[in-house]
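J.: Chain by chain, the residues:
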Amino acid sequence: DAGVTQSPTHLIKTRGQQVTLRCSPISGHKSVSWYQQVLGQGPQFIFQYYEKEERGRGNFPDRFSARQFPNYSSELNVNALLLGDSALYLCASSKGTGVSQETQYFGPGTRLLVL
Amino acid sequence: AQTVTQSQPEMSVQEAETVTLSCTYDTSENNYYLFWYKQPPSRQMILVIRQEAYKQQNATENRFSVNFQKAAKSFSLKISDSQLGDTAMYFCAFNFGNEKLTFGTGTRLTIIP
Numbered sequence: 001d002a003g004v005t006q007s008p009t010h011l012i013k014t015r016g017q018q019v020t021l022r023c024s025p026i027s028g029h030k031s032v033s034w035y036q037q038v039l040g041q042g043p044q045f046i047f048q049y050y051e052k053e054e055r056g057r058g059n060f061p062d063r064f065s066a067r068q069f070p071n072y073s074s075e076l077n078v079n080a081l082l083l084g085d086s087a088l089y090l091c092a093s094s095k096g097t098g099v100s101q102e103t104q105y106f107g108p109g110t111r112l113l114v115l
Numbered sequence: 001a002q003t004v005t006q007s008q009p010e011m012s013v014q015e016a017e018t019v020t021l022s023c024t025y026d027t028s029e030n031n032y033y034l035f036w037y038k039q040p041p042s043r044q045m046i047l048v049i050r051q052e053a054y055k056q057q058n059a060t061e062n063r064f065s066v067n068f069q070k071a072a073k074s075f076s077l078k079i080s081d082s083q084l085g086d087t088a089m090y091f092c093a094f095n096f097g098n099e100k101l102t103f104g105t106g107t108r109l110t111i112i113p
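These protein sequences, in sequence, are chains A and B. The first sequence begins at 1 in the working numbering and counts up one residue at a time. The second sequence begins at 1 in the working numbering and counts up one residue at a time.
No false leads were slipped in.
Label-pair distances were calculated between CB atoms; the ranges are:
| no. | chain 1 | residue 1 | chain 2 | residue 2 | range |
| --- | --- | --- | --- | --- | --- |
| 1 | B | N31 | A | R15 | 39 to 45 Å |
| 2 | B | Q56 | A | R57 | 32 to 38 Å |
| 3 | A | R15 | B | A71 | 46 to 52 Å |
| 4 | A | P61 | B | S80 | 43 to 49 Å |
| 5 | B | N58 | A | Q41 | 26 to 32 Å |
| 6 | A | T103 | B | Q14 | 30 to 36 Å |
| 7 | B | D26 | A | D62 | 27 to 33 Å |
| 8 | B | T20 | A | N71 | 39 to 45 Å |
| 9 | A | Q18 | B | N58 | 42 to 48 Å |
| 10 | B | D26 | A | A2 | 34 to 40 Å |
Each computed EDC-like pair below joins lysine to aspartate or glutamate, with the alpha-carbon atoms no more than 20 Å apart:
| no. | chain 1 | residue 1 | chain 2 | residue 2 |
| --- | --- | --- | --- | --- |
| 11 | A | K95 | B | E52 |
| 12 | B | K55 | B | D26 |
| 13 | B | K55 | A | E102 |
| 14 | A | K30 | A | E53 |
Partial pick of chain A residues on the chain B-facing surface, computed with a CB cut under 7 Å:
| no. | residue |
| --- | --- |
| 15 | G42 |
| 16 | F45 |
| 17 | R55 |
| 18 | G56 |
| 19 | G109 |
Hints listed in this document are in silico derivations from the structure and should not be mistaken for laboratory results. All C-beta atoms in this analysis are idealised placements derived from N, C-alpha and C, irrespective of residue type, glycine included.
Sequences are here, hints too, so could you generate the full structure?
T.: Structure representation (structure tokens):
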């Protein structure tokens, strides 16, 4: 079975621009989470979606938004990019059975560089 | 606040040796799940092992095992017979009963041939 996939793998943007990152979960998984990993640090939670509804949100500004589609894929949008948004953005999927402490499986990430 | 601490930024061991990575945490929750993830230079975060806090028996996956000390809030990872492919960043992570994983800052492990 295919794992979590993300696109694009790399992205270069300039300050003030907007970016959309995409994620497809493992087949059969209904929950998608997004994390930001700044160089040298552990990932920080941004959002979790389950059945197209937001289940959780981390401490990120409103410039960050996301959505989940009927096929359970997801998009993360970041508006008005800042230099500090440069990071690896990781998507993780889980079965979404309603148990919060499920194992999350990660994709390869999208490396975003803001100039 | 729920925090996760990995006090070893970097470690290196000779191939075939055993290495233990440390992780401590702080939470007032009683039921939670604990994970070790591996992130090689390819960036993909790979699940190594998982432990349920309510289980007293330590989890084992082939060469990987954990030493979970709930009272001490300690969760270490032991890698036996280390291999070159074990070279990676290792993160401990916790789910404290909500939707998110809380990660430590990571330990960079290098296996020396």
